[in-house]
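Q: The primary structure of each chain is shown beneath.
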Amino acid sequence: MKADPRNVLTGAHYLDGNHAAAEGAIAAGCKFFAGYPITPSTEIAERFAQRIPLVGGVFIQMEDELASMNAILGASWGGQKTMTCTSGPGFSLMMENLGLGLMLETPTVLVNVQRGGPSTGLPTLPGQADMMQARWGSHGDYEVIALAPDSPQETFELIIHAFNLSEKYRMPILMMTDECVGHMTEKVIIPPADEIELIERRYTEKKPGEAWPFEDYGEKIAPMLPVGKGYKFHITGLTHDYKGYPVINAQAQETAVRHLMDKVRKNVDDIIWLEEQDVDGAEVVVLSYGISSRVVQPAIAKARKEGVKIGQIKMVTVWPFPEKRIEELAKKVKSLIMVELNYGQVFYEMDRCAHGKCRTYLCGHAGGTVHNPEDIYQTIKEAIK
Amino acid sequence: MNTKLAEPLKEQEHPMENLLRMDRIPHIWCPTCGLGTTVTALAAALEQLKLDLNKVAVVSGIGCTGRVAGYLKLDSFHTTHGRALPFAAGFSIARPDMKTVVFSGDGDLISIGGNHFIHSARRNLDLTVICVNNFIYAMTGGQVAPTTPISANTATSPHGCYEHPFNLPLLAASSGAVYVARWTALHIRRLVASIKEALMKPGFSFVEVIAPCSTLYARRNKLGDGLSLMKFYHDNSVIKHGADLNEVNIDFQSKIVVGKFVDIQRPTYIESMNEGLKKKFGDKYKPYGGVNGDN
Numbered sequence: 001m002k003a004d005p006r007n008v009l010t011g012a013h014y015l016d017g018n019h020a021a022a023e024g025a026i027a028a029g030c031k032f033f034a035g036y037p038i039t040p041s042t043e044i045a046e047r048f049a050q051r052i053p054l055v056g057g058v059f060i061q062m063e064d065e066l067a068s069m070n071a072i073l074g075a076s077w078g079g080q081k082t083m084t085c086t087s088g089p090g091f092s093l094m095m096e097n098l099g100l101g102l103m104l105e106t107p108t109v110l111v112n113v114q115r116g117g118p119s120t121g122l123p124t125l126p127g128q129a130d131m132m133q134a135r136w137g138s139h140g141d142y143e144v145i146a147l148a149p150d151s152p153q154e155t156f157e158l159i160i161h162a163f164n165l166s167e168k169y170r171m172p173i174l175m176m177t178d179e180c181v182g183h184m185t186e187k188v189i190i191p192p193a194d195e196i197e198l199i200e201r202r203y204t205e206k207k208p209g210e211a212w213p214f215e216d217y218g219e220k221i222a223p224m225l226p227v228g229k230g231y232k233f234h235i236t237g238l239t240h241d242y243k244g245y246p247v248i249n250a251q252a253q254e255t256a257v258r259h260l261m262d263k264v265r266k267n268v269d270d271i272i273w274l275e276e277q278d279v280d281g282a283e284v285v286v287l288s289y290g291i292s293s294r295v296v297q298p299a300i301a302k303a304r305k306e307g308v309k310i311g312q313i314k315m316v317t318v319w320p321f322p323e324k325r326i327e328e329l330a331k332k333v334k335s336l337i338m339v340e341l342n343y344g345q346v347f348y349e350m351d352r353c354a355h356g357k358c359r360t361y362l363c364g365h366a367g368g369t370v371h372n373p374e375d376i377y378q379t380i381k382e383a384i385k
Numbered sequence: 001m002n003t004k005l006a007e008p009l010k011e012q013e014h015p016m017e018n019l020l021r022m023d024r025i026p027h028i029w030c031p032t033c034g035l036g037t038t039v040t041a042l043a044a045a046l047e048q049l050k051l052d053l054n055k056v057a058v059v060s061g062i063g064c065t066g067r068v069a070g071y072l073k074l075d076s077f078h079t080t081h082g083r084a085l086p087f088a089a090g091f092s093i094a095r096p097d098m099k100t101v102v103f104s105g106d107g108d109l110i111s112i113g114g115n116h117f118i119h120s121a122r123r124n125l126d127l128t129v130i131c132v133n134n135f136i137y138a139m140t141g142g143q144v145a146p147t148t149p150i151s152a153n154t155a156t157s158p159h160g161c162y163e164h165p166f167n168l169p170l171l172a173a174s175s176g177a178v179y180v181a182r183w184t185a186l187h188i189r190r191l192v193a194s195i196k197e198a199l200m201k202p203g204f205s206f207v208e209v210i211a212p213c214s215t216l217y218a219r220r221n222k223l224g225d226g227l228s229l230m231k232f233y234h235d236n237s238v239i240k241h242g243a244d245l246n247e248v249n250i251d252f253q254s255k256i257v258v259g260k261f262v263d264i265q266r267p268t269y270i271e272s273m274n275e276g277l278k279k280k281f282g283d284k285y286k287p288y289g290g291v292n293g294d295n
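From first to last, the protein sequence lines are chains A and B. At position 72 of the first sequence the residue is numbered 72 (this note's numbering), and the sequence of numbers has no breaks. At position 94 of the second sequence the residue is numbered 94 (this note's numbering), and the sequence of numbers has no breaks.
Because the hints were derived from the structure by calculation, they are not lab data. The model shown is predicted, which means the values in this text are computed figures rather than measured ones. All C-beta atoms, glycine included, are put in the ideal place defined by N, C-alpha and C. One or more of the hints may lead you astray.
Per label pair, the in silico range of CB-to-CB distance [claimed, not checked]:
(1) B/252 with A/4: 54 to 62 Å
(2) A/273 with B/97: 32 to 40 Å
(3) B/97 with A/206: 21 to 29 Å
(4) A/132 with B/162: 40 to 48 Å
(5) B/36 with A/49: 38 to 46 Å
(6) A/251 with B/28: 14 to 22 Å
(7) A/46 with B/97: 28 to 36 Å
(8) A/4 with B/49: 34 to 42 Å
So, partial list: chain B residues that the calculated Cβ filter (under 7 Å) puts toward chain A [what the hints assert, rightly or not]:
(9) 55
(10) 73
(11) 75
(12) 77
(13) 78
(14) 86
(15) 94
(16) 98
(17) 119
(18) 277
Derived DSS-like pairs (lysine-lysine); straight-line CA-CA distance at most 27 Å [said to hold, decoys possible]:
(19) A/309 with A/324
(20) A/207 with B/50
(21) A/2 with A/302
(22) A/229 with B/55
(23) B/73 with A/229
(24) B/50 with A/229
(25) A/381 with A/309
(26) A/229 with B/286
(27) B/73 with A/207
(28) A/2 with B/284
(29) A/207 with B/55
Just chain A, with the same shape it has in the complex:
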């Protein structure tokens, strides 16, 4: 279905990434935002709080990030599209109940505007060092979907995509932006509502008494059950069966965990989104995501000018990791380079999937600023030796 024109601020705007995130959420039909102030993500909450009263939704500033994450799950089961945003320490606090959201298969969106860590770290400066936390930060086995925009315009578009993925795959979606993208102000074109395609929540067509919250568990993603209509269903963070009832044994655990993994793993072709440039015939390919995929441009241009056969892959989705594509590429190229604002996180996934078929390089640092393109250029020089 199309977006509701009452929610969409159609036109050309001058917005930072955080404000664009709020506008994207409202355009996607998000009517409930629970959050806790934390730099550098706060402008998302502020914009939402400013805008939502006249759009017919609620902003609530919760007492902490634990509460925020839970409130968006509760409101999602109540029937709203919901979102929260946070950064660094707040992301750590949300991990437990990100797990609950995954376990209850609850559609929602969590934006992490990454800053430098660990601990309080660099509240006002960028980092990309929460990528492995996004992948593995909650306890237990599961798969996630994480997106990484590189501009305010892309933030607007990817938030809508994130809401769509959350409904399609019935799970929380992680939007891994960063301080640079969040605070960078650029032109953002918000299209007319009828050009914004939305995936609406799928509810069961069965009658109360005949439907269960996790029907065809382990096989399919079940449509949700609406509340207040007599389904009187139960859901729990405990390992459960298709009825949503707790079952504490190894067999139920296998079904439940496999289900959470398979719904992503079996749909990687639909989920993974890479933007490739000049990859065919390249001897070296630079991978990056978020703000780093813009910072690599001058280094790539310089190397290309010098005759280096160089390609670029911008990872719009970082998780699930594009294993197959990296395996294929590793057989064809001399080197793969990962440029990220950390000391090696997504790099290790790339390195693993290369299976030693090509050389792999990390161009990373501890964060606090973006890369110096010269450092990336030097890594490229090393990689083509």
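Given the structure of chain A, go ahead and fit chain B onto it with the hints provided.
A: Frame of chain A; chain B shown alone:
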């Protein structure tokens, strides 16, 4: 000799069948636990109020009481430890057309969920909170709780508890609850009456239920069996409606002041929001009414 066999007993419906998930019975609670009584009290309250059960949801956290959500045939949510209240906050704001009951234990609501408790009360979220207080962490085997009376023995206060416990009615009232009552698992009719009032009260209502845990609390403290605990409640409860809440703290084997302590009016979270935004935006603002509202 008459060899005719007696007629078999007719299968009878459980009197609470419409409210219990019979496919999940028997429950996991110990004999003499106060939870059965408390759940029955909620069921009786819902029944007597003739509420549309399609429009009642229950949210629990973790612990013995946390399992309540799993046995009630309502839209029911078993969340994480301490987080029943914020989950219910989101749910009740999305669904003001439904009654949201938070049913959890003292450790869940007041210790790990303590911050959520005071803020939910402050906001006057439209929730009915039933807190079963058994003075101990029971599901994990009997550890010290924020309600354990001084000198009581638990697995993690093996030499006697020396921390000062919370006085839950005082905490709830001073945080902003509009309805506060306390009963024991012995005061069944009064408990049902209080739960009914709490359910019909817009805003944050709080009912504390002092409940026996004979398996852990009573055993460790040599207080006898379930019946002895009920006898203790009988002999030591003092009904004092409107009591000074500074004087309702519970010491080890002390008198237990029970009653209805607070029953006031205050705009709920959604009422306050609608009032504030209407003042600011005038007719441009359509009062928020949840998912099924006009918006």
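Q: Next step is simple, just say for each hint if it's right about the structure.
A: Comparing the hints with the structure gives:
1. B/252 with A/4: 54 to 62 Å: This hint holds: roughly 60 Å between Cβ atoms.
2. A/273 with B/97: 32 to 40 Å: For residue 97 of chain B against residue 273 of chain A, whose Cβ atoms are near 39 Å apart, the range 32 to 40 Å holds.
3. B/97 with A/206: 21 to 29 Å: 23 Å, holds
4. A/132 with B/162: 40 to 48 Å: 42 Å, holds
5. B/36 with A/49: 38 to 46 Å: 44 Å, holds
6. A/251 with B/28: 14 to 22 Å: 20 Å, holds
7. A/46 with B/97: 28 to 36 Å: Given range 28 to 36 Å: holds, Cβ gap about 30 Å.
8. A/4 with B/49: 34 to 42 Å: 37 Å, holds
9. 55: 6 Å, holds
10. 73: The hint holds - residue 73 of chain B has a Cβ within 7 Å of chain A, the shortest such distance being about 5 Å.
11. 75: Because about 4 Å separates residue 75 of chain B from the closest Cβ in chain A, which is inside the 7 Å limit, the hint holds.
12. 77: 6 Å, holds
13. 78: 4 Å, holds
14. 86: Where the cut-off is 7 Å and the nearest Cβ of chain A is about 4 Å from residue 86 of chain B, the hint holds.
15. 94: 3 Å, holds
16. 98: 5 Å, holds
17. 119: 4 Å, holds
18. 277: 5 Å, holds
19. A/309 with A/324: 22 Å, holds
20. A/207 with B/50: Distance of about 23 Å is within 27 Å: holds.
21. A/2 with A/302: 43 Å, violated
22. A/229 with B/55: 7 Å, holds
23. B/73 with A/229: Judged against 27 Å, a Cα distance of about 13 Å means the pair holds.
24. B/50 with A/229: 17 Å, holds
25. A/381 with A/309: Given pair residue 381 of chain A, residue 309 of chain A holds - Cα atoms ~11 Å apart, limit 27 Å.
26. A/229 with B/286: It holds: about 25 Å lies between the C-alpha atoms, which stays within 27 Å.
27. B/73 with A/207: This hinted pair holds, its Cα atoms lying about 16 Å apart.
28. A/2 with B/284: Holds, at roughly 24 Å.
29. A/207 with B/55: 16 Å, holds
The structure fails to meet hint 21 from the earlier list, while all remaining hints are met.
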